[in-house]
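Engineer: Put chain B on the given structure of chain A with help from the hints.
Order-wise, the sequence lines are chains A and B. For the first sequence, the positions run 1 to 306 when the numbering used here is used. For the second sequence, the positions run 1 to 306 when the numbering used here is used.
FYI, nobody ran anything at the bench for these hints, they're computed from the structure. The reader is advised that the hints may include incorrect statements.
You can't tell identical chains apart in this list, so a pair holds if it fits in one copy or across any two.
Quick list of in silico lysine-lysine cross-link-like pairs, BS3-like style, CA-CA up to 30 Å [to be verified]:
| no. | residue 1 | residue 2 |
| --- | --- | --- |
| 1 | K72 | K15 |
| 2 | K107 | K166 |
| 3 | K241 | K266 |
| 4 | K3 | K107 |
| 5 | K147 | K15 |
| 6 | K65 | K188 |
| 7 | K258 | K168 |
| 8 | K72 | K166 |
| 9 | K161 | K87 |
Every value quoted in this text rests on a predicted model; they were computed, and no experiment measured them.
2 protein chains.
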Amino acid sequence: MKKGCYDRYSEERLKNAINVKSCIREAMGNYLRNNGFTEISPVIISPETDPLHHSTGKAGFEYYKGRYQLTKSMILHKQISLLALDKVFVFSPNVRLEPVELADTGKHLVEFTQLDLEVAGATRDDILTIVEELVTHVLNHVKDKCKEELDYFDRELNIPKPPFEKIKYHHAYNKYGRIFEEVLSHEKQQPFWIIDFPSDEREFYDREDPSRPGILMDMDLIYPEGFGEALSGGEREFDPKRIVGRMNEQELELEEFKLYLEFAEKGLPSSAGFGIGLERMTRFVCGLNDIKDTCLFPKMPGTIGL
Amino acid sequence: MKKGCYDRYSEERLKNAINVKSCIREAMGNYLRNNGFTEISPVIISPETDPLHHSTGKAGFEYYKGRYQLTKSMILHKQISLLALDKVFVFSPNVRLEPVELADTGKHLVEFTQLDLEVAGATRDDILTIVEELVTHVLNHVKDKCKEELDYFDRELNIPKPPFEKIKYHHAYNKYGRIFEEVLSHEKQQPFWIIDFPSDEREFYDREDPSRPGILMDMDLIYPEGFGEALSGGEREFDPKRIVGRMNEQELELEEFKLYLEFAEKGLPSSAGFGIGLERMTRFVCGLNDIKDTCLFPKMPGTIGL
Numbered sequence: 001m002k003k004g005c006y007d008r009y010s011e012e013r014l015k016n017a018i019n020v021k022s023c024i025r026e027a028m029g030n031y032l033r034n035n036g037f038t039e040i041s042p043v044i045i046s047p048e049t050d051p052l053h054h055s056t057g058k059a060g061f062e063y064y065k066g067r068y069q070l071t072k073s074m075i076l077h078k079q080i081s082l083l084a085l086d087k088v089f090v091f092s093p094n095v096r097l098e099p100v101e102l103a104d105t106g107k108h109l110v111e112f113t114q115l116d117l118e119v120a121g122a123t124r125d126d127i128l129t130i131v132e133e134l135v136t137h138v139l140n141h142v143k144d145k146c147k148e149e150l151d152y153f154d155r156e157l158n159i160p161k162p163p164f165e166k167i168k169y170h171h172a173y174n175k176y177g178r179i180f181e182e183v184l185s186h187e188k189q190q191p192f193w194i195i196d197f198p199s200d201e202r203e204f205y206d207r208e209d210p211s212r213p214g215i216l217m218d219m220d221l222i223y224p225e226g227f228g229e230a231l232s233g234g235e236r237e238f239d240p241k242r243i244v245g246r247m248n249e250q251e252l253e254l255e256e257f258k259l260y261l262e263f264a265e266k267g268l269p270s271s272a273g274f275g276i277g278l279e280r281m282t283r284f285v286c287g288l289n290d291i292k293d294t295c296l297f298p299k300m301p302g303t304i305g306l
Numbered sequence: 001m002k003k004g005c006y007d008r009y010s011e012e013r014l015k016n017a018i019n020v021k022s023c024i025r026e027a028m029g030n031y032l033r034n035n036g037f038t039e040i041s042p043v044i045i046s047p048e049t050d051p052l053h054h055s056t057g058k059a060g061f062e063y064y065k066g067r068y069q070l071t072k073s074m075i076l077h078k079q080i081s082l083l084a085l086d087k088v089f090v091f092s093p094n095v096r097l098e099p100v101e102l103a104d105t106g107k108h109l110v111e112f113t114q115l116d117l118e119v120a121g122a123t124r125d126d127i128l129t130i131v132e133e134l135v136t137h138v139l140n141h142v143k144d145k146c147k148e149e150l151d152y153f154d155r156e157l158n159i160p161k162p163p164f165e166k167i168k169y170h171h172a173y174n175k176y177g178r179i180f181e182e183v184l185s186h187e188k189q190q191p192f193w194i195i196d197f198p199s200d201e202r203e204f205y206d207r208e209d210p211s212r213p214g215i216l217m218d219m220d221l222i223y224p225e226g227f228g229e230a231l232s233g234g235e236r237e238f239d240p241k242r243i244v245g246r247m248n249e250q251e252l253e254l255e256e257f258k259l260y261l262e263f264a265e266k267g268l269p270s271s272a273g274f275g276i277g278l279e280r281m282t283r284f285v286c287g288l289n290d291i292k293d294t295c296l297f298p299k300m301p302g303t304i305g306l
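Pulled out of the complex, with its shape left as it was, chain A reads as follows:
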């Protein structure tokens, strides 16, 4: 065991961050229930999961005559859940085998939990409003319940005022280039939206605007003060022809989404939603540099942790 590994469990720093994370969960869950959402169970293993076409590796194992993958996000399952329930949320543990290059960003974990939410029939604007109210509620709740913890971190939490500023992807990109998120995150004083990502930057399930080909009805929420990305979300593709078209554009193997595509053929509801990382939110709320400090058992890219 590395020196300090045992001792970190008695540090006030870790204890306070875990208390704040627990408080964030409480505020999220109760707020959503009070607003008509049903909590569903996480899916940890499935033959089909979010492809995440960036550099994340695949984790999986054989079982009887098939193969399970570990959930990278519950997007496909959230869409199917809406066949049963109109408004769902889940605290969804995700496993993403990130490359070792991401070990020191302070923002990446191989295992993390996101609050994942989806609403049948919703537009992007509906979701922006839900997020703004939810985030404001959570920050108020933490400010009220975690006074000692925030004092410990010497953190003054400013409660942002909805509606948050919206910045179009192509404006941000034209002005700052690829590092726009980082520049803007440092510049801004409260959370803000990046909207309208180009379709080749995102997954197949984010819905292309019918009136603006190549532009998605999606969004990221970015924390201020350099804390970077808070959440990703958007309206979803639900028409099977469009889903297959987007999968082909991204050169995905349709066979890997066989069951999902059968559901789409029979009919998925239109929807919109998002996923917001609990560890990144805790990092922002506590003002921490290293996301590791928000976890009892951090799993860092490139190493095996308990």
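Structural biologist: Just chain B now, with coordinates in the frame of chain A:
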């Protein structure tokens, strides 16, 4: 896709069971927070997990120079968490590769969620009291909030009265043989405890009574009306010599618990706790035969499910 697989999502049956499960989670989480517990994050992957020395297969995958296993239960991590916090709980998704023989019991899933809880310095009696109050609270909450759902299932929920009856393992075994749990579960009208399991029936981490070698300070809670096991728990071994002794008795490879044993050498607190399955509780509350009906995405032994 099998016939009916799409249609089941529009059935009232599934929707109502999921609503009840959501309500159970709400009641558990809020009750525990109000009683001084901190919610911790699930651990999905770790190099070390509960060995579960019965017939459950191992799920895992390689990552860089090591190997991750999927969590079968968070027992080892719960004990370590108590170095930071005195009272913890977690909604912990577990993956257990059960053999196909368990496919039709109506009670077994390959993936399920348990409320897992641990208290530093607690005795078994402390935990019996916590469980009795928690279960009573949850049933009252469901009765109050899920009237429509219980009506749909034509289910009259009787609120049990603590303290629940305690039956010693050897009494039950001598009277009914190996099937004592099933017989007693059918016979009883409210939940009851089986206590004092023999040490070769259980895992290494359940604490042997110092004054009664071979007998554990552990317990199962059993539902009435034939619904069977609700939870398992007990006091824990925390002395490294005793842990190693128990591991050797069970012919476990110490190398597979290398990091855990290093924590034990440096010092783990004494503790007691339990894990209670949400799907089995939902099955009991709704009076369902098949645990599959409590899941949007059931994973059954011997097959690959979405």
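Engineer: A separate judgement is required for each hint: does it hold in the structure or not?
Structural biologist: Taking the hints in turn, this is what the structure says about them:
| no. | hint | result |
| --- | --- | --- |
| 1 | K72 with K15 | both (28 Å within a copy, 25 Å between copies) |
| 2 | K107 with K166 | within (23 Å within a copy, 49 Å between copies) |
| 3 | K241 with K266 | within (12 Å within a copy, 59 Å between copies) |
| 4 | K3 with K107 | within (23 Å within a copy, 44 Å between copies) |
| 5 | K147 with K15 | within (14 Å within a copy, 39 Å between copies) |
| 6 | K65 with K188 | neither (52 Å within a copy, 41 Å between copies) |
| 7 | K258 with K168 | neither (34 Å within a copy, 51 Å between copies) |
| 8 | K72 with K166 | within (27 Å within a copy, 44 Å between copies) |
| 9 | K161 with K87 | within (25 Å within a copy, 36 Å between copies) |
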